[in-house]
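Below are the chains, spelled out letter by letter.
Number of protein chains: 4
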Amino acid sequence: MIVVMKEGCTKEQVDRVVHLIREMNLKDHVIVGTERTVVAVIGDDRYKDRTVLESSAGVDRVVPILAPYKIASRQTHPEPSVIPLGGKLGTTVGGRRICVMAGPCSVESRTQCLEVAHAVKEAGANVLRGGAFKPRTNPYEFQGLGEKGLEILAEAREQTGLPIVTEVMSVEQVLLVAKYADVLQIGTRNMHNFNLLTAVGKTNKPVLLKRGWSAKLDEFLLAAEYIIQSGNPDVILCERGIRTHEEYVRNTLPLAIIPAVKRESHLPIIVDPAHGTGHAYMVPAMCRASIAAGADGLMVEVHADPEHALTDGAQSLTPKAFAEMMKELAAVAAAVGRQV
Amino acid sequence: MIVVMKEGCTKEQVDRVVHLIREMNLKDHVIVGTERTVVAVIGDDRYKDRTVLESSAGVDRVVPILAPYKIASRQTHPEPSVIPLGGKLGTTVGGRRICVMAGPCSVESRTQCLEVAHAVKEAGANVLRGGAFKPRTNPYEFQGLGEKGLEILAEAREQTGLPIVTEVMSVEQVLLVAKYADVLQIGTRNMHNFNLLTAVGKTNKPVLLKRGWSAKLDEFLLAAEYIIQSGNPDVILCERGIRTHEEYVRNTLPLAIIPAVKRESHLPIIVDPAHGTGHAYMVPAMCRASIAAGADGLMVEVHADPEHALTDGAQSLTPKAFAEMMKELAAVAAAVGRQV
Amino acid sequence: MIVVMKEGCTKEQVDRVVHLIREMNLKDHVIVGTERTVVAVIGDDRYKDRTVLESSAGVDRVVPILAPYKIASRQTHPEPSVIPLGGKLGTTVGGRRICVMAGPCSVESRTQCLEVAHAVKEAGANVLRGGAFKPRTNPYEFQGLGEKGLEILAEAREQTGLPIVTEVMSVEQVLLVAKYADVLQIGTRNMHNFNLLTAVGKTNKPVLLKRGWSAKLDEFLLAAEYIIQSGNPDVILCERGIRTHEEYVRNTLPLAIIPAVKRESHLPIIVDPAHGTGHAYMVPAMCRASIAAGADGLMVEVHADPEHALTDGAQSLTPKAFAEMMKELAAVAAAVGRQV
Amino acid sequence: MIVVMKEGCTKEQVDRVVHLIREMNLKDHVIVGTERTVVAVIGDDRYKDRTVLESSAGVDRVVPILAPYKIASRQTHPEPSVIPLGGKLGTTVGGRRICVMAGPCSVESRTQCLEVAHAVKEAGANVLRGGAFKPRTNPYEFQGLGEKGLEILAEAREQTGLPIVTEVMSVEQVLLVAKYADVLQIGTRNMHNFNLLTAVGKTNKPVLLKRGWSAKLDEFLLAAEYIIQSGNPDVILCERGIRTHEEYVRNTLPLAIIPAVKRESHLPIIVDPAHGTGHAYMVPAMCRASIAAGADGLMVEVHADPEHALTDGAQSLTPKAFAEMMKELAAVAAAVGRQV
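Chains as they are written, first to last, in this note's numbering: chain A, 1 to 340; chain B, 1 to 340; chain C, 1 to 340; chain D, 1 to 340.
Calculated from the structure, these hints are not laboratory results.
All C-beta atoms, glycine included, are put in the ideal place defined by N, C-alpha and C.
If a hint is listed, it holds; no wrong ones were tucked in.
Derived, one-sided and incomplete: chain C residues facing chain D with beta-carbon distance under 7 Å: (1) Y47; (2) P68; (3) E219; (4) L222; (5) R243.
Using the sequences provided together with the hints, build the complete structure.
Written out as structure tokens, the structure is:
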């Protein structure tokens, strides 16, 4: 890090900063400029608290130089990670093949789920998604079928061969969900739930980590780091939109995060355009765009009867619309040297 | 709610919307305008899923009329709530007296905590704050002393008489923290952690609920509603800054939420300017502004040695600066008919 | 629009609202719900001031139903507009062919500009871009060559046949810039400069209108409406990124605006990923994504020596990188039924 | 500035950076850390283009150390500026006395304007505000009375003695508006209109500069710098809210900018809570908060008949509400050692 002193700081203040740096077992290097003095800190300061220096008298600010994450970073692991998802079909995320996760927002009933599962399989999806535990902003809304939903998902896997991904909302659900699911999903609202990140990091199931609504890229990769350093290297990042002033979408979907993640990290990244926009009519365009930008996969909500979906009907595709979109995606994937 | 149809929608589409509204046991009222047809929905539609209507063919959008929260709303409970915090001193939040919660960001040691506790008591604080379990974005940073920290806080309460508020980070910590704390704090990162909201809603301790970084006002009040409808009416709201494009602050502190909450809800609201700005030098100005705007209290970080604070030193006041600020706050409180 | 009354409003207050609606020569329709009364307004209220109603006693809020723009809307003009840019090559924006506008951020010298012009022509660009008047946040930075720059651009057009697009910054520059340019660019900072919008609306040159950093979609289309209703129907929209909390990009590029504009308006939309991200390494991925999402064109900064560019070197491609990207774009365009 | 090299950069790349720094007539200082090499740049690099370095091979990023503005900065001018506004009453902004600018959003008629002018004078306002040229997002809305409005304002000044502030929207209006107004207002939408900033910088009238909706603090102070370096030192900053995801306000009003401006600049800052929130009911609370936070003044919209205001009625106070608020403000000002 670089400590920028205030204009007119005293020699004692600079000495104090130097002293604090040495207390951290780091080396200092003072540079006196024409207007400002800065003190460069030499050594791995990633795990040191820079507020120590920020609070010292005469300090204007502290600029970090090293990224705060380490094992999630591309520097530590230059090759892109390819995450195996389990299941009979050998599905992976992060290789040449685009991974399409599709299914209903919520598992609502056995019939509904199996119908969609077969439809998305037929259309070319690689993974079945579906919520059994649902985080709902409104306490009066449908909260999911719970374990019953997990059983239905497992039956759908049995019938289709597709691995299943489903959300786990709290530490005490981890073992239960891991018993059924092939991939554990951490939702947007839990990206900063560090106890939960640690808990899924202790399982041997791949984790799909959704970005928080207002998370910075560093924070997103640090959340992945929590999981990896707890023992689980199989993290798949998922962009699902951020909160901004835009009003024609439910969230703003920032696809430039795809090249940014590819540069900073070895982890694969997929995109969820349904939550990322909130409107079914935008989903096909944003799925095509995600693949063109280099995403490793997609998460898409499909519902046979969106009008009667218990959750998020307005952003779900019908099986027919999904099948049509999959054909378009195949063409775009080929254009960028990938395969759906 | 109001269903706005697309221009050129068909009669069948309007009929379908009417049918769906009746399926929900609500009444419909169709209004044919010069350019658009709208269908007003009559009845309490708060607990109905409006995406059902949003996904119906020919529908442009659905506009909610009723606020989604009910028991947190001022309509249900016109008088402002005054929340008793327990403790020997009869401290409350929401009455004429401004409640000042002060103390270290983290409990670091017995000595550090007791020293600050006595100092803030002396200067006029009403509640002692301090973190025993710390949510840290970076997995390599100090995570708090855990139960040991809670014991130290309890001792500080013993010595000063101040009730204590401390954060609970996950469902499995609730009982432990509730054993020691007078007020349970739900942090920003957990405002959307619905399992945790429900769990603290089942205790008999008041809950300090911090607003999420990107939460809308409706979502903030719905999070309070989760707690209240689980059985615990004693919720104190806390504004602590939101994520925006501003770069001279860590977060943007939107004080207009104070009159907005006063109008929409009966719950008291306090402000945390340290997290809300990230800079100690801004804290006194924003504390004064919060009180002038009608806040019911403040949360302030105080550390005897900010340079060596293990967390958030850069936004902590020294005991001396805190004592000076308290004098200024007394004058501002008097100017708006309140008392510190 | 729909006037939502407060809970417990009086009959007199509703009558007053009805009176105000009739004063505007509109019709009213009162609906008494179980909890709220709403008053629907019937007629074309686009040009009425809804704050009249918002300020009336007992009114909670007013919800607009009709979009505020009219001649820019798809309802008025269902077919997509194809805008001819002039020049020998018959270039258009909005048809099947993707329009790629490329060139230096600023015209710095005759040699620099002509070199890039030939290079981008060779690589397949359809329009030459280059700034002669530069809006600079910092008053001490390079402000552009002015008319000299326009002359150089005109010479480059002469040599390459490419029509030229360049920015006009203020009303008094309009005639001068229109004398040289084929397309007048309105920059991000001027999207809300209504005098300038009106002035370019009185020329017969197509206008490239960049979205403001924090403009809502309605405001963007209303800015286009200013130009069109001044007499100039040839408006090309350009998305170039918005201000958000994201820190790994200079701006967040929200590509979902592409399907949104296609649904709301008949105007073509292009994307500027260089300003939209701020980093040259992200430009190819975001160009591919834009085309996949349905954009009608791209604006790309190309500089033979980005290190010595006087402006925005960090987001410029070299001619070689541009030529490589054009090949990739051809494949993506073909995949979505377009052509570069 | 500090040039941070990528991990694994070559010696040639560092040498190239050193070469580029010397080309700028600055000095370099290379520091080889354990993981990264950084190159500190010594000298006044404020007017150098850092994208030169950002585009050089092997460079990860460039961190500025010096603030980009100079004559607007507190370092250059340590004492706070007190700006005289002209007029018989010797009104100033920036001293101990809080300056309250009040009046209608738009001048609508002679009667309306004079009535409000006398009312606000009576209640204690120091300056009369009113719009003659109105920037309207919607081309179909009331655009102001133009010169007729300026004449009415001048008559109101004649009768009340209050200096007048009114908006100038474009370069060609500057002379006309300066003929009548005591203070020239640059609106939010024009903060980045550099030609206009330069034009008002060439007059001898004080300038009230409103912050752009998405402007960063650096950009706000650089806009002031444009005016000052054109010859006019009398700039008053005005915060009026920024665009964020918040939905219960029209804009988010970030009052922490007040201590930030006081630390970075010598210029006075006032607050406009009407535009800053969009709701009249929030205005008194936010006026009190602004003064408590250290603002040098306020801008408030007052209309005798908000229901029939041609613009922004929903955020205007009635003369009675304004007079009541002024009494509260006097108490808050006294509490912070100021005077209304």
